[in-house]
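**Student:** In terms of the UniProt record's numbering, the sequence shown is residues 1 to 208.
Watch out, some of these pointers could steer you wrong.
[Unchecked claim] Computed cross-link-like contacts, SDA-like style, restricted to lysine to any residue with a CA-CA straight-line distance of at most 20 Å:
| # | residue 1 | residue 2 |
| --- | --- | --- |
| 1 | K54 | R86 |
| 2 | K64 | L167 |
| 3 | K136 | L167 |
| 4 | K64 | R86 |
| 5 | K136 | K54 |
| 6 | K54 | D77 |
| 7 | K64 | G37 |
| 8 | K182 | L87 |
| 9 | K54 | N36 |
None of these hints come from the bench; they were simulated from the model.
A quick note: this is a predicted structure, and the numbers were derived from the prediction, not measured.
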Amino acid sequence: MNKADTARDRQERRHLSTDQRRRDIVATAADLFDRNGYVNTSMQDIARAAGIAKPTLYHYFTSKDEILCRIHEEFIDQLLSRHENRLAARLRPDQLVLEVMADILELMETHRGHVRVFFENHRELPEREQAEIRLKRDRYQTMVEETFAAGTAEGLFRDVDPRTAALALFGMCNWAYQWYRKDGTMRTRDLAYVFWDYLVHGVGAGRP
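Turn these sequences into a full structure, and let the hints steer you where they fit.
**Tutor:** Now the structure itself:
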């Protein structure tokens with residue numbers, strides 16, 4: 001980045017609202033945590049990358065822990081909101097399963113840092129916030145389990161244990177960020193269709 005780009009970025013940041021500035025800081029921190037690790041990233045590093053002074057950063061966030069909490073909240077709240085909207089639209093259970101997978105995988109591309117932090121840095125959250133995020137995670141898992149149960153009731157899925165099916169889904173999607181690359185041959189939506197086909201239809205060629 002040249003000096004002109006840096007000056008332009010700083011000028012644009014001056015016109016951000018408080019909420020926009022906070023979101024910008026969180027996104028910047030998530031990227032740093034993704035590249036360098038949460039433990040290895042300091043508030044000074046975040047301030048420098050965000051183009052603000054360290055005292056200014058403390059005006060928006062009192063600690064690195066608070067930023068970590070915000071990253072977790074943004075990630076799980078997006079998943080919950082998207083799924084609730086689709087439930088309101090009355091999508092079929094098999095369609096909902098596809099969209100659940102797509103949501104997790106698409107966030108690898110749009111919020112990669114959030115994804116890594118959510119799955120790798122849960123234990124670094126303060127105890128109270130850790131409990132709050134766990135409640136939201138459990139709520140989301142229950143919603144996915146209910147989707148599988150509804151699919152079985154409607155004859156779309158065979159009789160499977162909803163909890164095990166949900167955990168299988170998460171097992172396929174949650175760790176894909178460790179190997180997925182944007183410059184690969186598939187977009188995240190394409191990958192969601194592949195994973196969905198494996199989960200719903202299996203990979204067997206049929207009995208001989």
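**Student:** If a hint holds in the structure, say so; if it doesn't, say that too.
**Tutor:** Each hint, compared with the structure:
Among the hinted pairs, K54 with R86 is inconsistent with the structure: their alpha-carbon atoms are about 41 Å apart, more than 20 Å. A C-alpha spacing of about 31 Å is found between K64 and L167, which places the hinted pair above 20 Å, so the restraint is violated. With a C-alpha separation of about 16 Å, the suggested pair K136 and L167 falls inside the 20 Å cut-off, and the hint holds. With a C-alpha separation of about 34 Å, the suggested pair K64 and R86 falls outside the 20 Å cut-off, and the hint is violated.
Proximity of K136 to K54 is assessed by CA-CA distance (about 32 Å); at most 20 Å being required, the pair is judged violated. For the hint pairing K54 with D77, the CA-to-CA distance comes to about 28 Å; that exceeds 20 Å, so the pair is violated. As the CA atoms of K64 and G37 are separated by approximately 12 Å, the hinted pair is consistent with the 20 Å bound. Pair hint K182 plus L87 does not hold up; C-alpha atoms about 30 Å apart against a cutoff of 20 Å.
Between K54 and N36 the alpha-carbon distance is near 19 Å, which keeps this suggested pair within the 20 Å criterion.
Consistency note: the structure conflicts with the earlier hints numbered 1, 2, 4, 5, 6 and 8.
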